[in-house]
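My request is simple: use the sequences and hints to build the entire structure.
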Amino acid sequence: MTPYMAVALTSLVAYFIAVKRLGWRPYDLGRALGRMAESLGAGVIFAVVNLLAAAGLVLGLRTLTDRFFSLYSLDDLVWLAVSMLQGWAWGLWRDSKDRRTATRPGAGATVS
Amino acid sequence: MPSSIIVRALGLATLALFFLAAFTPLPVFLYEMITVPVHIERADAIVVLAGGGVMLSGQLTDSSLRRTVRGIALYRDGLAPLLVLSGAEGRTSESAARSVLAGKCGVPDTAILASSAGHTTHEEVAALQPLLKARGVRRLILVTDGAHMRRAMGLVRDAGFEVLAAPVSEVETPTRPEPRLRLLRAALREGLALVYYHIAGYL
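Protein chains in written order, with the numbering used here: chain R, 1 to 112; chain X, 1 to 203.
Treat the hints as calculated values from the structure; they're not laboratory data. If you're wondering where the values come from, they're calculated on a predicted model, not measured in any experiment. Among the clues, some could well be false.
As the list claims (entries may be wrong) - Partial list, computed: chain R residues near chain X (C-beta under 8 Å):
#1 ASP28
#2 GLY30
#3 GLY34
#4 LEU40
#5 GLY41
#6 ALA42
#7 VAL44
#8 ASP66
#9 PHE68
#10 SER70
#11 SER73
Quick reminder that beta carbons are idealized off the backbone N, C-alpha and C, glycines included.
Take a look at the structure:
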């Protein structure tokens, strides 16, 4: 369990540095974790779609050609990591759109 | 936005599954759900299914080697008079490499039946069926990985044989996060394969 104790310790240290030194608000951590969950969820959706598309491709190639294509070729962790990157990029793209909308003149809440 | 709430909930569920899989025995329970208990008695043949072929170096893959050694051990225990070694064709034939190993371990050539037909478990069993019937085999001991056993047993039973399970363990009961995740991966992979075999009408 040593590596996980280290993870807990560095998380705690990072939290204190962020709050005490950098002046970040603890409230924003909850929002950041929510955004992370969204990126992960988008990654899972990409992973399922990628898996179904790849399986369809393998079965299609089997039908259309004389060569054998194995479904075990889908048993690889790299495509899962790439799917997560797709989800992450998707989330960042959406965030940048939201930021642009919020900074547009006349958009967002007015301060009186 | 409702869609972003759903995506966030999916992400949280995935995180929860990840931590449950890494730090609890959940993968062990899931794995046990798809495996078949060991049941070994005397039979007409020991059938060792293909297990990933032969590496470029000419050596059997880990999975293939584990299955072959289990089959040889069962033969040496006198549980059946025939050792059937299946394996895919490739640069080097897996079944031929397995036969050489079995011969070196004291299994006589006359007791070895090698089959190199079929790329998938379904094709493999279809190719083995006439060979086994021709030898008068009715009851057999099936050797394959634990996770693969349920699917393979279903196919062999549907081919008209009485099947006894001699699964080969892929992993020890894991006590650390990474092996637990590997076990979950094996269980999910085989779960998907079972679903596919049912949809395709093989089972």
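Status of each hint after checking the structure:
no.	hint	verdict
1	ASP28	violated, 16 Å
2	GLY30	violated, 12 Å
3	GLY34	holds, 6 Å
4	LEU40	holds, 4 Å
5	GLY41	holds, 3 Å
6	ALA42	holds, 6 Å
7	VAL44	holds, 5 Å
8	ASP66	violated, 12 Å
9	PHE68	holds, 4 Å
10	SER70	holds, 7 Å
11	SER73	violated, 12 Å
Checked against the numbered hints given earlier, the structure breaks hints 1, 2, 8 and 11 and satisfies all the rest.
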